[in-house]
Amino acid sequence: ILNVEQSPQSLHVQEGDSTNFTCSFPSSNFYALHWYRWETAKSPEALFVMTLNGDEKKKGRISATLNTKEGYSYLYIKGSQPEDSATYLCASSGGGADGLTFGKGTHLIIQP
Amino acid sequence: DAGVTQSPTHLIKTRGQQVTLRCSPKSGHDTVSWYQQALGQGPQFIFQYYEEEERQRGNFPDRFSGHQFPNYSSELNVNALLLGDSALYLCASSLPGDGYEQYFGPGTRLTVT
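For the protein sequence lines, the chains are A and B, in the order given. If you read the first sequence in this note's numbering, its first letter stands for residue 1, the second for the next number, and so on. If you read the second sequence in this note's numbering, its first letter stands for residue 113, the second for the next number, and so on.
These are calculated hints, taken from the structure and not from any lab test. Note that CB positions come from ideal geometry on N, CA and C, so glycine has one too. Check the hints yourself; a few may be wrong.
[To be verified] Below, a list of computed lysine-lysine pairs in the DSSO-like style, where the Cα atoms sit at most 27 Å apart:
1) B:Lys-125 x A:Lys-42
2) B:Lys-125 x A:Lys-69
3) B:Lys-138 x A:Lys-57
4) B:Lys-138 x A:Lys-58
5) A:Lys-69 x A:Lys-57
6) B:Lys-138 x A:Lys-42
[What the hints assert, rightly or not] Chain B stretches covered by chain A per the calculated footprint, using a threshold of three residues with CB under 8 Å from any CB of chain A:
7) 123-129
8) 178-189
Take the sequences, apply the hints, and build the full model.
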C-alpha cells in the first residue's frame, strides 16, 4: 500500500445501529495514525492519535484500533446518533515532524 | 482559548494572479502546517513551518510559498494562479512533543476563474 486508503467511501446507517470503517496505510516508515471527524463548514476535529501496534482508544461511543504490522486501523461507532453524521478522515505520518498523508475519507450519514 | 483561525473565509481570484492566505495557530502552538483539499480528495500536505523556517515540504511547485512570523502566525502565498489551484486550504497547528496532534482551522475556500 503506497497511499492511505479508506473504505467505504460513503455509508448510510440507521440511527441506533453500530458501524465501523477501515483505514489502510503504508506499514513501512510509520510513526502515527490520526483519525479526524469533519462536519460540513467546520474545522476537522481530532478524535485519536495512535502510535503503538495493538493500540485501542475510546472516546464516548467512538473507538479505534491500530495494527501497524499489517497497516490498518478500524474506527467503530456504537449506537449511531444523527450528530455522528460527518466525514471521517484518517491520516498517517512517517515521523514526528512529518506532514500528514490523508485518505479521502468516509462520509457517514445517520438516518433517523 | 481561540482555536486555529484562518482568513479570509472565501476568495475569488483570476488565473495568473497571486493570493495570500493567513493563519493564526492555537494558543501556545509553534508549528504551522498547510494543506490543500481539492474536490473529492483528502487534504494534501503543502509544507510545515517551525521557528520561522520551512521544515518540510510536500509535492507542490515553487509557486506555493509561505512565511511564519515571530508570533507563530503564518501566510501561504500562491503565485501565477491556475484553475487547478481552486481548493479548500487548511491550516493546522501543533506543539512538538504533544504527539504531533494537529489542530485544524476551518479553511479558506479559493476559487480561481
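Does Lys-57 (chain A) sit within 27 Å of Lys-69 (chain A), going by the straight-line distance between their CA atoms?
Between Lys-69 (chain A) and Lys-57 (chain A) the Cα gap is close to 18 Å, so the pair holds against 27 Å.
Under 8 Å between beta-carbons, do enough residues of the segment 123-129 of chain B, three at least, approach chain A for the coverage claim to hold?
The restraint on the segment 123-129 of chain B is violated, since only 0 of its residues have a Cβ under 8 Å from chain A and three are required.
Between Lys-138 (chain B) and Lys-57 (chain A), is the straight-line Cα distance small enough, at 27 Å or below?
With Cα atoms ~24 Å apart, Lys-138 (chain B) and Lys-57 (chain A) stay inside 27 Å; holds.
Between Lys-138 (chain B) and Lys-58 (chain A), is the straight-line Cα distance small enough, at 27 Å or below?
With a Cα-Cα distance of about 24 Å, the restraint between Lys-138 (chain B) and Lys-58 (chain A) holds, given a limit of 27 Å.
Within the segment 178-189 of chain B, is the number of residues with a Cβ closer than 8 Å to a Cβ of chain A three or more?
violated (count 0)
Given the proposed pairing of Lys-125 (chain B) with Lys-42 (chain A), does the C-alpha separation stay at or below 27 Å?
Between Lys-125 (chain B) and Lys-42 (chain A) the Cα gap is close to 23 Å, so the pair holds against 27 Å.
Are the Cα positions of Lys-125 (chain B) and Lys-69 (chain A) separated by 27 Å at most?
Cα-Cα ~46 Å, so violated.
Satisfaction of hint between Lys-42 (chain A) and Lys-138 (chain B), Cα-Cα up to 27 Å:
holds, 16 Å
Of the numbered hints listed earlier, those contradicted by the structure are 2, 7 and 8.
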